[in-house]
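Asker: Each chain is listed here by its residues.
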Amino acid sequence: MQHERSAGALSNTSLARRAWDIRRKAVRMGEVQGQGYVGQALGVADVLAVSYFHALNYRPADPEWEGRDRFLLSIGHYAIALYAALIEAGILPEAELETYGADDSRLPMSGMAAYTPGMEITGGSLGQGLGIGVGMAMGLKAKGNPAFVYNLMSDGELGEGSTWEAAMAAAHHKLSNLICIVDFNDQQADGKSTETLSAEPVHDKWAAFGWHVQRVDGNDIDALVAAFDTARNLQDDRPRAIVCDTVMCKGVPFLEAREITHFVRVEADEWQKALSVLDETKPE
Amino acid sequence: MTIQHRYDPHRKWEPRQPGTGGGKTSAMIASLAAEGYDAVPAPFGHALVEEAKKNGRIVGLTADLAKYTDLHVFAKAFPDRFYQMGMAEQVMVSAAAGMAREGFIPFATTYAVFASRRAYDFIAMAIAEEYLPVKIVCALPGLTTGYGPSHQATEDLAIFRGLPNLTIVDPCDAIDVAQAVPAITAHPGPVYMRLLRGNVPSVIHRHCPDYRFELGKAKLLRDGTDALIIASGFMTMRALDAAVAMEKDGTSVAVLHCPTIKPLDTRTILAEAGKGGRLVVTAENHTVVGGLGEAVASTLLTNGVTPQFRMIGLPDRFLDAGALPSLHDRYGISTEAIIRQVRGWL
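Top to bottom, those sequences are chains A and B.
Residue 182 in this note's numbering sits at position 182 of the first sequence; the count goes up by one each step and never skips.
Here this note's numbering runs 284 ahead of the position in the second sequence, where the first position is 1.
These are calculated hints, taken from the structure and not from any lab test.
Glycine is no exception: its CB is placed at the ideal position from the N, C-alpha and C atoms.
Just so you know, not all the hints are guaranteed correct.
[Stated by the list, open to error] Residues of chain B clear of chain A, computed beta-carbon distances all greater than 12 Å: (1) Ala318; (2) Val324; (3) Lys338; (4) Leu563; (5) Met595.
[Said to hold, decoys possible] Chain B is faced by these chain A residues, among others (derived, beta-carbon under 8 Å): (6) Gln128; (7) Gly135; (8) Glu270.
The following block holds chain B by itself, in its conformation from the complex:
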């Protein structure tokens, strides 16, 4: 067996001259959007506080990541309804299940890697199998940190899509996150929501002022005749920017935002993809294995809808550490990379 080194163990290391290479590492979610968009601070935390004012059943639990999942806003507003469970994801989700059994609606937060990889069996058996109203809200979905595979949840959707009863939400921006909170609270069963935290850009309303998040619904944000991009998460904001940019050189691109990954809005997807004459592209902040792309592909094929079809997503490998903007470009999920790929396929 040979270990796959990412470095050449025989090469002499030479320090890089300062300022000569590599982008700035940024874990700031605000930087996901292009310049010029407004950012909203902690949309999840504030939306949860508003919802909790109306709904006394809501409680919050975290596994030592309140400050990093915007749950600290809730903790400050409702200290008696906030439970710090420490760095212990298994008991956090189990305890959330127990509180749900006692009539509460628990919001449990951690990073997506820890919920999906470490706490899976507990989510499966204590929460999903029981159809309990636990809302698992997780920061750092997909490639939203340069810290490497320990923090990059590139396969969380693939892991959770196979779990019966679980609703999966991948919101795009601050508006989406805020509007998803009351929607998932009202949903009677368990939910896994990918979270954008901190200063979160507000993008969709600039392009589509009437947009509202609806659980289980995909929404056409702009129409177009050459290509249809079906996107979720922050890839929707990039698809919108890409569409605007391509419009300038005469390429007409539609964007269908699909923030609910499961259950998938197959009716809207089939209606849009079935119009014919357009390249259909999925775009997701997730490995191309088992995420939105494959879910759409299987929907199309099993329903006999077969447009020209391509997937934009992360490659099936452990990703590099580094600076987020350059990683997004390297792996093909930056706005420029979307434009490059779609043009190449047209």
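Only chain A is shown next, with the shape it has when bound in the complex:
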């Protein structure tokens, strides 16, 4: 089955349901392993829903299909979120969710290309995804392949110099087929990103590096749909950045209210509680 997606392929209500499903699967994986970057997963679920059920071209049964849009997870620790999206997209079977983080699982806690169908690159050493995306976008152009390369990175990765080497290269080589999504949740390992090493003004930085930039509410499905459509349909040769302001733990209010840190601690009895909260807010 080939997903040929264009604007309005799914109603935005359905996309909200997809995001909800991604959140629920991520929390389930957190429960299985008793840990995981579930705060990030809940925050980025809407971005992933719009990516996989509105923007991306792919064939669930053929994750290496040459015509697919490439989705790179630069932030390897967000794997729990991407696995949820890949399961939701039919690329991974749902039953595999129960193996998250276990020995010999195809779903290790940090995303690696060699382990998982649909995982394009090995992330985790932060600041590498965009540069690899540059090379893939150059390669696609050289082959005359019209696919897009999406790189999902975090605001923390804006501190890596390699991100800006890649940003310069993308503009210089006119990589209009490269879309960089920045999950701006204002958290990194040691605290708030804006207080650790501020990347602001983020919009102006990308623009100064020669990119088309949009900054949107990353938990607003309508805004994300519009931003992805703009990024895909833009008729110039700039690479495209979508900076998504997201809320960690979005969708589970008692976790949202918790003092948010990079690694949100969830007690053993709270996984079920989180699932119950989600179940109460299930979209149609």
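Since the structure of chain A is provided, determine the placement of chain B on it from the hints.
Answerer: Quick look at chain B alone, frame taken from chain A:
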């Protein structure tokens, strides 16, 4: 803490009279060989062009050093397959990884210091861990410039030897470089190759006309009964010259050329070193820490082969700036220094 000055901060500087000291600085690779050998211009660039004519998957990337890594020859022949990435080694190797993911065979060039020290994590995670067919080809290996530690990649082999999946090549001369290009292209995984650029001497064929480069193979270039020198890179040409010179005074020296540093041809090394009765010496254009010498030593010891063993290589320190010929002599890797050391050990 005291800074280790290379100068005496209290001494008054007096200008040296012109022509009274110090050798001529030379970054010319042709000068690595003794006089009388032919030199071949840009063997890497021309070999890559020949290979690229047959193989449409080959692309070239550089980090602002096309002219200094002979990749300009390829860029001129295939402008559409050449990517100038600017002075940005991290994105160059990352982009090479991305292009490899899209089915290309990228040749990425820079200086050995920058690939090994600056881009290491990107080579490790984006290329080696993924076993992608990226060929990282780097000029100025070891002590091949007098510009000091910023450009002298004296520990590149030590850095890269610890990296799983990576094949490491240290060719000797123009023939070796040219023949290594199709061999590393055919290899399915990542390769780091030390490059001799510009006018590169052709030495091995003068001594051993039948020699051919084979990836993963060490080759005995001449036999001898008193000592066996196991060498890589341009140290092989010097070992050959040293062997010829020593033959004249009755010392018989064998030379085993070992251009693939990893995986090491342990079978040939053990067979030659295990013959017994010979001093075994390694010779490398690299620090004695973590290079060919230690790789051979560990092979011998773990296999119970224990000849008299010595290592010729650069000392474990940041080296001086200066003129290449005098630096090579100072650090014991000139032909004369090889002769001196081997004689002393025999």
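Asker: A separate judgement is required for each hint: does it hold in the structure or not?
Answerer: The hints, checked one at a time:
Residue placement check: Ala318 (chain B) keeps its beta carbon more than 12 Å from all beta carbons of chain A (closest about 42 Å). Residue placement check: Val324 (chain B) keeps its beta carbon more than 12 Å from all beta carbons of chain A (closest about 31 Å). Look at Lys338 (chain B): its CB is around 18 Å from the nearest CB on chain A, clear of 12 Å, so calling it non-interface holds up. Under the 12 Å C-beta cut-off, the non-interface status given to Leu563 (chain B) relative to chain A holds; the minimum distance is some 45 Å.
In this structure Met595 (chain B) is separated from chain A by more than 12 Å, as the shortest Cβ-Cβ distance comes to about 34 Å. Of the supplied interface hints, the one on Gln128 (chain A) holds, with its beta-carbon coming within about 6 Å of a beta-carbon of chain B, less than 8 Å. Against a cut-off of 8 Å between C-beta atoms, the interface hint on Gly135 (chain A) holds, since the closest Cβ of chain B lies about 2 Å away. The beta carbon of Glu270 (chain A) is not positioned within 8 Å of any beta carbon in chain B (closest approach about 34 Å), and the interface hint is therefore violated.
When held up to the earlier numbered hints, the structure conflicts with hint 8 and nothing else.
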